[in-house]
Structure formats: structure tokens, C-alpha cells
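Throw the hints in and build the complete structure from the sequences for me.
2 protein chains.
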Amino acid sequence: MTEKQEKILQAALQLFACEGYHATSTSKVAKAAGVSEGLIFRHYKNKEGLVMAILEEGESRLKSLFVDIVMETDPKEVLRKTITMTTKIDPSDYDFWKLQFKLKWELEISGDKKMEPVKMALANAFHKLGYQLPGSEAKLLILFIEGIGSSLLTGPETNQDEIIQLLLKKYDL
Amino acid sequence: MTEKQEKILQAALQLFACEGYHATSTSKVAKAAGVSEGLIFRHYKNKEGLVMAILEEGESRLKSLFVDIVMETDPKEVLRKTITMTTKIDPSDYDFWKLQFKLKWELEISGDKKMEPVKMALANAFHKLGYQLPGSEAKLLILFIEGIGSSLLTGPETNQDEIIQLLLKKYDL
DNA sequence: TGCAAAAGTGAGTAATCGCTTACAAAAATA
DNA sequence: TATTTTTGTAAGCGATTACTCACTTTTGCA
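Quick note, the sequences are listed as chains A and B, same order. Per this note's numbering, the very first residue in the first sequence carries number 12; after that it's consecutive. Per this note's numbering, the very first residue in the second sequence carries number 12; after that it's consecutive.
These aren't lab readings, by the way, just hints derived from the structure by calculation. Among these hints, one or two may not hold up.
One copy or two, it doesn't matter: identical chains are merged, so the pair holds either way.
[To be verified] Straight-line distance between alpha carbons at most 25 Å, and here's what the computed DSS-like set of lysine-lysine pairs gives: (1) K99 x K42; (2) K124 x K99; (3) K15 x K125; (4) K58 x K124.
Right under this line is the structure:
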């Protein structure tokens, strides 16, 4: 990966995440990256290819958050790690996570499939702990995670800690 | 309101909700409404005015959902009505609610302030019921509601009922 | 009925869109 | 070093964008 390629991805991520996909033109990206516009199309074929490259490049960030949960065997730890998941997100990665939400609604590109292993791990954990509806419990908890992530990325300052502590107590953790 | 004005609002709502704001051109709206493009600007000044008119026109739908909760005095009923809120949404209004979410992420126009009275009612209800952290409890529940709404509008078929039943049980309702 | 205001049209605007192409510089390979 | 390949640029492409304007039709009211 060339230095200019990195600049492009970096500028595009920031602009897509802040202004949105359609509101960000390729010329804007080029200008922000200090690069000729044609170079974007040389490396990424088209605008869609650019955003896909960003998503692929960020895949590792997704996995690093999830793998810790999926690998955990202790069911209580699975719940605890899931609930506190958003606190593990590096603020320098906020743009990337914001982009995930934006794309979900603007382009209806959903990263929900990436959450599937987490959901399975959760359902399994709830089952082990004797919950009556492990599948629904897992769905509900994931809804919460998405919600707290959303408010973390949109809100000005969000004391997610208070809510997270509350939820931990509700699940006896 | 003229017949053609209604057609414009109706077409714009459907397109904005399905394709997104920036992905929908004014000429598309005009074509879908069976109207000359100039008419849009006569009535709504510009594209932003158009989407604002849609939001204003839909305000009643927002209020009708919330007023039932805010007016309720029995704290348990406040919780029950909040949790089952999304089941009261008319499927013909899905486009409008979808637009709310889309605008939140695409234009960062958030309708969260509209939820504030509900949050207050919830906090009050939790307080009456002896919960230790009424404010956080209210926040948490609203996160769940938004999550359920989100999955209701994005998912293909969503058995929200199961999750709603589960939530009702968790709050002893 | 007359007439002004409102509703509606369609052709037009400059600007910007995503993208291509012809070409030059740099890097890699031989 | 010679040559191929990759990286990068600048100009410009047709199409589309949000929006305007001169104009006609319809409507409401004295």
C-alpha cells in the first residue's frame, strides 16, 4: 500500500463517516488526501470500490472486538464482555464505527452478519445459565449493544458507564 | 393543501425513506409525483424545505404515539405502554419512521428531543416503582425501544413480539 | 363577470457529479 | 543500464444536480 493510497483511505473514511457517502464527492476525497482525483479510480475502480476497501481494511477492528467474546467459555464472562464491549472501542476508531451505522441506513449495507457469532455465543451462554429463552435474550442484548454504540457515536458526551453498570447488575454480573 | 402538493410529499417521503435523502433527486420526486420539477421549489423553496415539510406533516404521528404514554399516571402502565409502543405503529407509517432513522444518520437530524417527554415519564414511573436509578433505567429502556424499532424497520420479518414479551417479564408486567 | 393571486409548467441555468483518457514520473525487474 | 510495470497527474467527458424564470392555467373573491 502506497503512502498516497493510505491518505486516500484515511481521508475517505473521515469524510464518509462525518458527511455521509452520497454527500462526499470523489473530488472532495482527492482534495482532502492531497491527491489527483484520477488516482482514486486507478486504485479502487470506482466510488463503491473505495468504500468497500475502507470496510475491508477495518475488518480487523471488528474482529478484534468480537473474538474476545466468541472465544470465551465462561457464560457469565461472555455476558460481561458483551455488555462492556463498547468501552473497549478506541476513540481513534470512532469514525470507522460511525461509518458502519451510516452505511447501514444510507446504503442499507448492514454489518449485522458480522455480529452473528456473537449472537450465537450469547444464546449459548444464556442457555448454560438456565435462561428460558436464550435466543430472545441474545437478540435483546445485541439490541442494547447497538443502541449504546449508537448513542456513544452520536451523542456529545455520553456517560455510558452508568447504563452499563445498571445492565451488569440486571444480569447478576 | 393541493392534491399535487400531497402527491409531492407522498412521493418524496417514499423515496427519501427508501433510497435516502442525497440519493433522491428533486427530478425523481417530481417524476414520481407526476408533477413538474419547478412546482416543488414553488411550494417548498428548496430540497431541505421539502424534507422539513415531510417531518412537520408527520409530527402528529409522533405525538399520537407518545401522548398515550406521557398522559398515563399508573407507573406500571407507563412501562407497559412504552415497551409495546412499536406494536402500535401502523405499517403504512413505516416509511415515515424509516425516514426518522435515515435522517438521523445521513443528515444528523435527530428526533431525540421528541422522546424527551417519554424519558421523563419513564424516569418518573421508575421512581414511583422504587427503582434505584430511575434516570438510567429510563435511558436503558429507551435504548431498547429504539433498537426494537430499528430492527422492525430494517429486518425482513421480525418477531418483535417475542422480545417484547421477554422485556415485559423482565419488568414484572 | 372581472381580475388579482395562487398553482402549475417546461425550458433553461451554472455547477458539480462519477469517471475516462492521454500522458509523465517513478519503481521494479531484467 | 534498458525496459516493462506501476503510480500518479491534469484535463476534460457526458450526465445529473439543485434551482430559476418567463410564462400559462386555475382558483378565489369583490
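Copy assignment of K99 with K42, given that the CA separation must stay at most 25 Å: Cα proximity of K99 and K42: none, with 33 Å in one copy and 48 Å across.
K58 and K124: within-copy, between-copy, both or neither at 25 Å Cα: This pair counts as within: shortest intra-copy Cα distance 23 Å, inter-copy 35 Å.
Within, between, both or neither: K15, K125 at alpha-carbon 25 Å: For K15 and K125, the Cα distance exceeds 25 Å both inside one copy (29 Å) and across copies (44 Å).
Intra- versus inter-subunit Cα pairing at 25 Å for K124 with K99: within (21 Å within a copy, 28 Å between copies)
Consistency note: the structure conflicts with the earlier hints numbered 1 and 3.
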